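S.K.: Note that my numbering has the sequence shown beginning at 68, numbered continuously upward.
For the record, the hints were derived by calculation from the structure and aren't laboratory data. Fair warning: this is a prediction, and the values are worked out from it, not measured in the lab. C-beta atoms are modelled at their ideal positions from N, C-alpha and C, and glycine is treated no differently. There could be a bad hint or two in this list.
[To be verified] 30 Å max Cα-Cα, derived DSSO-like pairs, lysine-lysine: (1) 141 to 266; (2) 249 to 141; (3) 98 to 84; (4) 266 to 210; (5) 210 to 84; (6) 266 to 249; (7) 210 to 98; (8) 84 to 141; (9) 249 to 275; (10) 249 to 98; (11) 129 to 275; (12) 210 to 99; (13) 84 to 99.
[Said to hold, decoys possible] Here are the simulated distance ranges between beta carbons: (14) 83 to 169: 26 to 36 Å; (15) 98 to 155: 18 to 28 Å; (16) 184 to 98: 25 to 35 Å; (17) 208 to 119: 35 to 45 Å; (18) 203 to 152: 44 to 54 Å; (19) 179 to 242: 38 to 48 Å; (20) 187 to 257: 31 to 41 Å; (21) 82 to 221: 22 to 32 Å; (22) 169 to 260: 18 to 28 Å; (23) 81 to 115: 32 to 42 Å; (24) 162 to 229: 25 to 35 Å.
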Amino acid sequence: MSESLLRVAEAARSNPKLHPVEGDLLRPPFKKGVFDIAYSQGVLHHTSDTRDAFRAVSALVKPKGLLSVWLYGKAGSYAEFATNPIRPGREWSVEHRRLAWWIVLIRHLLSDLTRLFTTRLPVPVTYALCYPLTVLGLVPGLKYLTFSIDPDFQARLIENFDWVSPPFQWHHTKEELAGWFKEEGFEVLEMLPHGLVPKPGALGRKLK
């Protein structure tokens, strides 16, 4: 069992309705159609196959139940990028769509090059390399080429490490995600907004 699950289990001692479970997302340890609501934030893209993981998780939702999924995104075509839903306060991304698209393309290339090495290094070395990357996250403009712009240093450090260390990391467009919802029998209720870097999220209701 992971340390994080053990911490959750300890916190759940005071809540008899909370039951932490550790399992394989590609083969979930639950019957199909048992959940009213299923929620996944930044998890499915770290499996060996995001689409298969989505299929497995979506099958757990009851008819008329809700499913919310958030994934790592990619630039995609400019036509796709230009219609991404942007959070309030990110007006720059809207006003400079073409430049933002290029920034995301370059960032993705840098990410792939970085991960060629970091996913093969010892974990302590990878973690140490995240420190200069985290400092770079303070530099206006350049911070968008890193993997976290959180104002808190420790949060940026953890998010950078979370980005460069996992062996699996897949990226998808909102069009892909919406298509998966429909293929699995869901009505898409809302495409969730994000910042400059695409992180497609959607909320859907299972039709039957």
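S.K.: Which hints, by number, does the structure contradict?
M.R.: 5, 7, 8, 12, 14, 15, 16, 18, 19
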